[in-house]
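Novice: Sequence:
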Amino acid sequence: MAFAMQNAEHVAPETAWNSLSERQDAAPLKIMIVGDSITHGFEADTTWRYRLWEWLKSTNTPFNFVGPYTGVCAPIPNHPPQPPRLMELPPQGVEVLDEFPRIEWGYAKEVPSDFDAHHFATSGEKAERVQGLIQARVEEFEPEMLLILLGFNDLSWGGARPEELLERIKTIVDVARANKADTKFIIGNVVHEQLSDADLEARTSAYNELLNATYPSWSTADSPVHYAEVAGVYTCGPNRNCTSTVDGLHPNDLGAYQIAHAFSQAFIDHYSIGQQPVQIPGTWTDRSVDPPTNIKASGSSMGITVTWDRPFGIPNFNVRRRSGDEEWITEYGVGMNRSDTILPRAGIQYEYQVRSCLGQRCGDWSSESVTAVSDRRTGPPPRKIRTKPTASGFEASWSPPEDADEWNITQYDVAYTNRMRYNLQLHVGTRKQSAKLEGLESGQYSIIGFILDVSVSTWTDPEGGSLFAFGRPVRPGTTEAPQAPSQLRSETVNETAVHLAWEADDHTAGFLAYVDGHSDDAVIYDRSTVMTVDSSAATKLPEICISAINGDLESKRSCLFEKPKSKWSWRPDGPTAIIVYVILACCLATVLVLVMRFRKNIKDRMRAGNDHHESQINRSVNMDQLVQREKHLGHPEIHSGPHLDRASEAGQSNAPGNRIDESYVPAQRHRDESVETPVQQESAWERIGRARHDAMLAAEKQGQNGVHGQTDRQLQEHNTAGGDNIKKKHNLGRRLRGLLCVN
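Residue numbers (the working numbering): 1 to 743.
Derived from the structure by calculation, the hints contain no laboratory data.
Careful: at least some of the hints might be erroneous.
Derived lysine-lysine pairs resembling DSS-like cross-links, with alpha carbons at most 25 Å apart [claimed, not checked]:
| id | residue 1 | residue 2 |
| --- | --- | --- |
| 1 | K432 | K388 |
| 2 | K170 | K384 |
| 3 | K436 | K388 |
| 4 | K170 | K30 |
| 5 | K436 | K384 |
| 6 | K180 | K30 |
| 7 | K432 | K384 |
| 8 | K180 | K388 |
| 9 | K170 | K180 |
| 10 | K30 | K57 |
| 11 | K109 | K57 |
Simulated restraints, written as ranges between beta carbons of each label pair [as the list claims (entries may be wrong)]:
| id | residue 1 | residue 2 | range |
| --- | --- | --- | --- |
| 12 | I103 | Q483 | 52 to 58 Å |
| 13 | P238 | L424 | 27 to 33 Å |
| 14 | T371 | E491 | 43 to 49 Å |
Just so you know, even glycine gets a beta-carbon here, dropped at the ideal spot from N, CA and C.
Turn these sequences into a full structure, and let the hints guide you.
Specialist: Shown next, in the form of structure tokens:
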């Protein structure tokens with residue numbers, strides 16, 4: 001049926017105009033172009049609207065472009081940092097984008113002033129919003145034909161399913177047709193983005209296929225609906241080099257030709273307007289990226305402010321800064337001709353340079369740099385940030401900052417960054433000390449299943465926003481605590497470090513590490529980390545544990561080197577403590593008794609040993625023998641009377657390995673009887689030692705009278721007794737160490 005209708009348009013012009021000759025004498029055809037930023041365009045763009053206007057003029061077809069707007073998207077105005085919109089305000093309706101900053105012209109210099117630039121396109125527009133606005137627009141401008149290029153924002157950050165977007169486009173058609181039954185339509189499909197993820201790419205392709213298969217059924221005899229294959233001719237997408245864009249999505253001049261080509265082909269195929277579509281050039285010249293001028297820097301209440309003059313047609317800038325000889329820190333994608341560095345305190349100095357960017361192409365850094373010192377004087381951030389996931393978002397709460405009464409707090413700024421999607425950051429304002437944010441189910445701005453870093457700052461008047469204080473990360477989509485990490489394993493890095501790795505479920509936003517039950521609350525985002533241990537406790541392995549968190553929800557801990565848990569609880573005044581105190585007191589008393597006994601035993605044995613040896617020596621050795629030994633050892637102090645030749649009397653010792661040198665003659669010395677020699681007192685141990693030596697010498701001289709054998713036996717008995725004493729002393733020492741629990 002739809003195919004027959006399309007052919008009928010070619011063979012039966014009377015049912016639906018399609019011939020140039022039938023329009024030459026009629027009133028100009030009113031065409032309204034409906035779109036988003038791809039249609040709206042930016043400063044210094046030609047836009048595909050202009051390229052189609054050129055082509056329609058070349059066909060001698062009378063037409064007018066109609067709509068509420070004439071210019072391109074305005075550059076973002078220069079302003080200081082602003083707090084986000086308050087949650088407490090009523091929800092914004094469809095009129096919000098009508099306040100979008102606009103300019104009446106702003107096209108490339110080659111675009112002539114007679115260009116009929118009227119349109120109904122707004123940067124950021126969605127079909128969802130247009131379906132609520134289209135009735136007022138068609139009533140006001142009475143278009144006869146609508147060229148529609150919408151849907152990218154619905155699918156991307158709007159998170160729409162292909163079926164939802166198709167229904168929105170169908171609603172636009174139905175509402176426009178209800179106002180004017182013979183309204184005609186050409187609907188372009190959605191272009192692909194270079195940096196789109198797999199989900200967006202799949203939904204874009206699914207929508208385009210669905211639209212291509214469905215649009216014929218929307219046609220009526222007086223109001224045909226046709227299809228423009230824009231995505232097929234637009235050279236951009238994940239697997240394409242995107243020569244048609246300035247930034248991977250929005251058209252450059254080549255892209256403008258390509259989109260105009262797709263719509264012109266629909267005019268030729270279905271309305272017999274023109275014979276050749278818009279010609280796509282084989283070569284083109286990229287716009288120049290002119291540098292910024294008049295760069296200035298100064299201290300401000302939030303840190304340092306840098307401003308510059310924007311060259312015509314430059315939508316974005318990069319700003320880099322450094323302190324002293326440190327590495328440059330670059331801020332990308334600055335949409336204003338102003339950058340505010342939010343610093344933690346006053347007195348910090350930075351040097352700045354700026355460069356212009358046109359999409360993915362950037363110019364050179366400014367040849368001169370500017371320097372300024374921070375004049376920060378904002379209030380402190382809030383304290384005790386608490387976070388908790390919900391089924392479709394998260395909750396956050398906090399305490400007021402310190403010294404809150406000293407500041408005029410106007411609101412708080414709750415910011416959340418999607419860690420898993422290009423670090424996309426969104427802000428919402430509130431005057432309360434808590435916020436509950438529910439997100440979209442899917443799409444670029446959906447937060448379900450994604451890890452979010454949540455932070456809160458304080459806004460005061462007139463100072464501005466404080467630094468952000470962070471809570472634990474959250475992962476919306478559940479209200480249950482995550483499972484404990486599994487398969488915890490370790491690998492030694494060196495003497496003081498160990499590498500840990502583990503597995504976790506899909507409801508985990510981060511991990512905490514515990515060493516001997518203590519954590520510094522630093523969040524670990526990867527499923528591995530390196531832990532350091534105290535090198536001074538090499539023989540004591542610490543207990544290392546990992547837990548999974550989702551906001552303030554925390555799992556049980558998985559541990560390495562887990563310490564046994566005691567079933568007794570310790571209290572200084574509890575029954576366990578009293579038992580321990582009694583045991584310790586008994587141990588101490590026992591130790592004291594044993595020490596006293598040990599000391600008494602040693603003294604008794606020493607006294608008994610002295611008496612025994614002295615009696616034995618006195619019985620076996622006479623004074624003459626002692627004198628002879630002293631003479632042999634060369635002690636003239638004890639010699640009295642004439643000198644005796646000791647060498648002739650020396651006999652060989654029976655002691656193994658010992659012999660007396662018969663050639664040895666001791667020194668010849670005599671005591672001077674006129675000199676009184678003081679008597680030196682000997683200790684007990686000295687007397688025993690001297691007596692033993694004297695006995696051995698006497699035995700050598702009188703070996704045949706049995707004295708020698710008797711002395712050896714007595715000495716052996718003494719040594720045996722001494723050894724027994726040493727063994728007993730050693731055994732006693734071991735018992736003491738056992739009682740004292742000393743290894």
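Novice: Now tell me, hint by hint, if it's right for this structure.
Specialist: Hint by hint, here is what the structure shows:
Straight-line distance between C-alpha atoms of K432 and K388 comes to about 17 Å, which keeps the hinted pair within the 25 Å bound. For the given pair, K170 sits about 50 Å from K384 by alpha-carbon distance, which is inconsistent with the 25 Å threshold. Taking the CA atoms of K436 and K388, the gap is about 9 Å. The hint holds against a cut of 25 Å. Taking the CA atoms of K170 and K30, the gap is about 21 Å. The hint holds against a cut of 25 Å.
Taking the CA atoms of K436 and K384, the gap is near 17 Å; set against the 25 Å cutoff, the hint holds. Between K180 and K30, the direct Cα distance comes to roughly 12 Å. Compliance with the 25 Å bound is thereby established for this hinted pair. This hinted pair checks out: K432 and K384 have alpha carbons roughly 15 Å apart, not beyond 25 Å. At most 25 Å may separate the alpha-carbon atoms for a hinted pair to count; K180 and K388 exceed this at roughly 52 Å.
Annotation: proposed proximity of K170 to K180 holds, straight-line Cα distance about 15 Å (limit 25 Å). Distance check on the hinted pair: K30 and K57 sit about 14 Å apart at the alpha-carbon level, within 25 Å; holds. Between K109 and K57 the CA atoms are separated by roughly 19 Å; this keeps the pair inside 25 Å, and the hint holds. Range check, I103 to Q483: about 55 Å between beta-carbon atoms, so the 52 to 58 Å window is met.
For P238 and L424, the Cβ-Cβ distance of about 18 Å falls outside the hinted range of 27 to 33 Å, so the restraint is violated. Look at T371 against E491: about 48 Å separates their beta carbons, and that is inside 43 to 49 Å.
Checked against the numbered hints above, the structure breaks hints 2, 8, 13 and satisfies the rest.
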